[in-house]
Structure formats: C-alpha cells, structure tokens
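Visitor: Sequence:
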Amino acid sequence: MQVAWLNDQQPLLSVFVADGAGQCLAGGEGAMLAVNEAMAYMSQKCRAGNWGLMMSSPRILC
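full-length UniProt numbering applies: residue 1 is where the sequence shown begins, and numbers increase by one.
The hints are simulated quantities; they were obtained by calculation from the structure and are not laboratory data. Computed from a predicted model, the values in this text were never measured in an experiment. Hints may contain errors.
Across the chosen pairs, the derived CB separations fall in these ranges [claimed, not checked]:
1) TRP5 <-> GLU29: 29 to 39 Å
2) GLN9 <-> GLU29: 31 to 41 Å
3) VAL35 <-> ALA4: 13 to 23 Å
4) ASN7 <-> GLU29: 27 to 37 Å
5) ALA48 <-> LEU12: 16 to 26 Å
6) ASN7 <-> LEU33: 16 to 26 Å
7) LYS45 <-> ALA4: 13 to 23 Å
8) GLN44 <-> PRO11: 15 to 25 Å
9) SER14 <-> ALA48: 17 to 27 Å
10) GLY30 <-> ASN7: 33 to 43 Å
Heads up, the beta-carbon is just placed ideally off N, CA and C, and yes, glycines get one too.
Put together the whole structure using the sequences plus the hints.
Guide: Here is the structure:
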C-alpha cells in the first residue's frame with residue numbers, strides 16, 4: 001500500500017492486489033473478486049476513520 005501526492009491534488013492510494021488463482025480460463029473473475037474485496041475493505045476502514053484518508057469516490061485504475 002502506498003499513498004502519493006500528485007500535482008497538488010488529493011492523495012492517491014495505491015494497493016497491490018493479487019488473487020493467486022493461477023488459472024488462465026477464469027483468471028479475470030478471481031482478479032475482479034480480489035479487487036472488489038480490497039475496495040470494500042479500504043472503504044470500510046476509511047469510513048471508520050482508521051486510516052486518515054477520505055474516499056469520496058473510489059476508482060479502480062487498471
């Protein structure tokens with residue numbers, strides 16, 4: 001997990017997520033599940049005030 005400040009804008013939180021499935025045929029499904037779970041976890045932590053971050057509109061950048 002890393003927080004970067006870009007050009008005096010709001011902070012950008014980057015989180016590396018890997019599903020570890022290792023299956024080509026359905027790999028995208030596992031990856032999206034892992035990303036969605038990570039977003040839900042971070043949203044919950046931010047709403048609880050545990051991270052000192054604001055997630056007004058989280059976006060997934062791939």
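Visitor: A separate judgement is required for each hint: does it hold in the structure or not?
Guide: We went through each hint and held it up to the structure:
no.: 1; hint: TRP5 <-> GLU29: 29 to 39 Å; verdict: holds, 34 Å
no.: 2; hint: GLN9 <-> GLU29: 31 to 41 Å; verdict: holds, 33 Å
no.: 3; hint: VAL35 <-> ALA4: 13 to 23 Å; verdict: holds, 19 Å
no.: 4; hint: ASN7 <-> GLU29: 27 to 37 Å; verdict: holds, 35 Å
no.: 5; hint: ALA48 <-> LEU12: 16 to 26 Å; verdict: holds, 21 Å
no.: 6; hint: ASN7 <-> LEU33: 16 to 26 Å; verdict: violated, 33 Å
no.: 7; hint: LYS45 <-> ALA4: 13 to 23 Å; verdict: holds, 18 Å
no.: 8; hint: GLN44 <-> PRO11: 15 to 25 Å; verdict: holds, 18 Å
no.: 9; hint: SER14 <-> ALA48: 17 to 27 Å; verdict: holds, 21 Å
no.: 10; hint: GLY30 <-> ASN7: 33 to 43 Å; verdict: holds, 34 Å
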